[in-house]
Amino acid sequence: MRERKKILKTISALSEIAALFRIFSAISMKMAGEMAIKIGMGLSTKRDSLKGTQEAVREARLNLQSQKIDLAVVFSSLDFAHVTVFRTINNLLGPVPLIGCSSLAIISNQGIFKHGLAIMLLSFSADIYFSTACVKEISVKPIADAGRELGEKLLYGFRGIRRDLSMIFSDGLISDGSSFITGLQEKLGMSFPLAGASASDNLAFKRTYLYFNEEVLSDAACGVLWGGKLNFGLGIKHGWKPLGKPHRVTKSTGNIVYEIDNAPAVNMYKEYLAYDLAKLRQELKHVSIFYPIGIYLAGEDEYLLRNILLIQDNGSLIFQGNVPQDSRIRLMIGTKESCLTATSQALNEAKDALLGRQLGCVFIFDSVSRYMLLGRQAKKELEIIKENLDKDTPIIGLYTYGEQAPLKALNYQGRTYFHNQTITILGIGG
Amino acid sequence: MYSSDYLINFLGIASMATIVSLVIALLAKMERLKQVDNLKKSLDEMDEQAKLIVRTDMELNKTQEELDKKIAGLYALQRLSRAISTTLEEEQIFQRIEASHLEDLAFEKACTFLWNEREKAFITKMHLGYSEDEIEQIKSATDLEETYLDLIKNEKTISSSSLQDELMLRGQIKGVFKVNSFVISPVLPKEGYRGILFVGTESIDTVIGEGDQELITILANQLGQALENARLFEKTWQAQQDLEKKVEERTQELTRALNELKVVSKRKTDFISSVSHELRTPLTSIKGYASILLTGKLGKIPPEIQERLDKINRHSDELVHLVNDLLDIAHIESGRLIMKKEVLDLKNIIEEVLDLLSMQLKEKQIDFSLRISEDANIIFADRSQIQRVFINIISNAIKFTSVKGKITISSHKSNKTMQIGVADTGCGIPEEMQEAIFEEFYRVDNLINQEVKGTGLGLALVKRIIEAHNGRIWVESKLNTGSTFSFTLPQST
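Chains as they are written, first to last, in the working numbering: chain A, 5 to 434; chain B, 164 to 656.
Do not rely on the hints blindly, as some may be mistaken.
[Claimed, not checked] Computed, partial: chain A to chain B, Cβ under 10 Å:
hint	residue
1	L159
2	L207
3	G248
4	K249
5	V253
6	K255
7	Y276
Hint data in this document are derived by calculation from the structure and do not stem from the laboratory.
C-beta atoms are modelled at their ideal positions from N, C-alpha and C, and glycine is treated no differently.
Just chain A, with the same shape it has in the complex (with noise of 0.2 Å):
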């Protein structure tokens, strides 16, 4: 019994002076000045697509106070997702690993552009471990093994490394998106912290691009994996309130729901919007983005959203993102007031859990919904993030079709939901 207490008493001890460690290292390290990641962006609105390319890598690497690059992230309008470009950006930098991808419109601490192309190098310290990697022709394997395969291939080589935090671009077409992460998840681990953003195009939803290393791809997704000691804060939210009584889902599978309180999905919308089916089609878009319906989720803030993509002649809807047979849902509605205010509890979470530590750059994946709900004043969110940020903290960020980050409620222990029309706010540690 007594030599239990001293064995206790002798880890208490070691695991003070771990911590009091650590806190040192960390102070040295800050009075050296050193960071354990350092970041170059670079952007460029010009047209040509070539010479833009140029400019924005010529602007990062002369940003990026290293010689060593480890990883390229790149997001651009539809007009650089060709393969020259990326061929002119691995002769400029020569083979550094590259992830990215299409988007209606890129954002940057220069503000929103609808053409060009951001470009952010990083480069860390020596105890941060990262893999990349991608998987393609989604569309011909069950969607989870899709999932899973990209979720292997990044885990290869991370034996023996802790794992951090994994962020992943997909394909913003693919229909089902839930299916994918928890294809995802069975290998990553189902609580652990994955950030995502899906591919947008110009609104024609006709197809959107991934860039991995020197490809430009369709029906794919790509990712990277972080390990080590690799400091994060992850904020998630889309500012929509619940209208009206809760209805059931009486019958679902995936993300097709069939009946809502045991009548035809599609009757909720036509009840609430006095629309008969021919003009909710025709005016789908808009109803699809300022009501949508939202999942209720014990202890969470927020409702999960959930956009209707299609209506079938059978009067189900088909959601962008998977609907679980009886969830309590509500009708949703949100404004552009409501909207902004989400953009500052996203990024107060994502700044809170990095605990005071400085931020070494943002990443933003705000979705398209709230780019058309916004209108012109989808500037005045930029605005909002950059007045709560430090004048030269780096931001990159997309549109995205769809966002995935995890929930903080205890119940769901963190695990990462296929999210609609919210903005994700990821932060990294500098």
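Start from chain A and add chain B according to the hints.
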């Protein structure tokens, strides 16, 4: 028995109690059911309200979106107008229309064709969102089609929405331009080629409203205006350029002529100058010998020879005078004679001159008057030269004025200069000769000149002297009434 009675009684009471409690429970349940019912009712009511909210919100959002679109469109239009109206070069106007402007107007394809009447074909002036091959195809399709020319002729804008009843045409335009929605508006400058502006989008969601059609019509109008301005400017510029060229050529010709003239004039001056010099030397000897002979020191001279010698003496004096005048003119022209300017009293000078000429004045009984005001008395000039001026002009006046005539000298200030006039009541100078009298060796052909000798150099010399003082001389004259010689001199400062 008792006990059974009790038991019965007890059972009865118990069952009563049970019934009562059951009733109470039932009542309570009913109450709760009622409450649930009420709750359900209020929930339903709330849901009805929610429906109202959603419908109103939807309307609001759509209106807002339309408004946003219109504002964005107006902004884009404003930017575009500024871009195209700040250039006066036709090609620049089209180059300034950028894809970003179009995007703000919610279109991604655009082109402008201008109709070349002579070639019977459209000229592509601008295209956005099309490759060169595509635009070539579109152009060849539009060349054959009357529809587009009719738009120019009728000054009419059409759009995919305005052609609801002409599905054939709409389909055809959509096919040619590879778009889903479009607006075509005529570009109508008053000068030169006219044409059409086409904008369109592939997007299925875009619905062209009246607002869009209006915006594009305004844009097309402004394009027309800008073209007109550019063309007018081009014309004016070209004309000005031609004019400048002509002026330049003429100036060169004149400069050449002037230079030649200068050379000739200099040669003349040099010639006169050297000839006069050469003449003066022998003249001096002639006059010298004549004078010596006249003194009689070389022997007595008979009266006939005396008379001839007097003539030689007088003529050589005149000749010397002539040569001196010539030399002075040459000197002034070549700039070798420097005017020694000083402050002079005008009255004083004139009086000195009058002293010299008093004999002639008396002879002809000329009424002489001097009208020089106090503020116009001081001049800035070379004393001896100005004296020569007055001697020449006044003696001319005396010469041409008949007996009992009148000569008036006046002076007045005019604009920082002094104007002096010598008026006589003489025979006057014919108008056509008034300019020529200032030329060398020019003599008016009249009776007096035939009688009185003169060199024809006096006024030429006067003119040179006045000009060397930065002044000007002219004559106003009427035949048989009189002449007024006026000249200006710088005023003393």
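Hints versus structure:
no. : hint : verdict
1   : L159 : violated, 42 Å
2   : L207 : holds, 8 Å
3   : G248 : holds, 3 Å
4   : K249 : holds, 4 Å
5   : V253 : violated, 17 Å
6   : K255 : violated, 21 Å
7   : Y276 : holds, 5 Å
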